[in-house]
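Using the sequences plus the hints, can you model the full thing?
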Amino acid sequence: MQTAVLTDRQRAAVQAYLRLLHTVRAAFDGPPDPRRPPVVPTAALADADRALAEAGLTGTEEEFFRLCRQWCP
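Just so you know, the sequence shown maps onto residues 1 to 73 in UniProt numbering.
No lab work stands behind these hints: they were computed from the structure. Predicted model, so just to flag it, every value in this text is computed and none were measured. Zero decoy hints are in this set.
Across the chosen pairs, the derived CB separations fall in these ranges: (1) P31 <-> E62: 31 to 39 Å; (2) Q15 <-> T42: 16 to 24 Å; (3) H22 <-> R66: 19 to 27 Å; (4) L6 <-> P31: 32 to 40 Å; (5) R11 <-> A43: 13 to 21 Å; (6) R35 <-> E62: 36 to 44 Å; (7) Q70 <-> P31: 30 to 38 Å; (8) Q70 <-> V24: 20 to 28 Å; (9) P31 <-> D8: 35 to 43 Å; (10) E61 <-> P41: 20 to 28 Å.
Quick reminder that beta carbons are idealized off the backbone N, C-alpha and C, glycines included.
What follows is the structure, encoded as structure tokens:
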């Protein structure tokens, strides 16, 4: 198995993506509640977008998800 050595920016992008993923999962976890519609905070989306851009991974989803799989299988 090939080991990925991520740059600091790539690592930050993967971590931001994982934070966003956990936020989305938390928002949709449990039964629907019409009084509290699930919403992903814009800060979580902005954090992931910024980290992806800084790592040069905007528009390179295949490369990004390869890094995610190698770093956090």
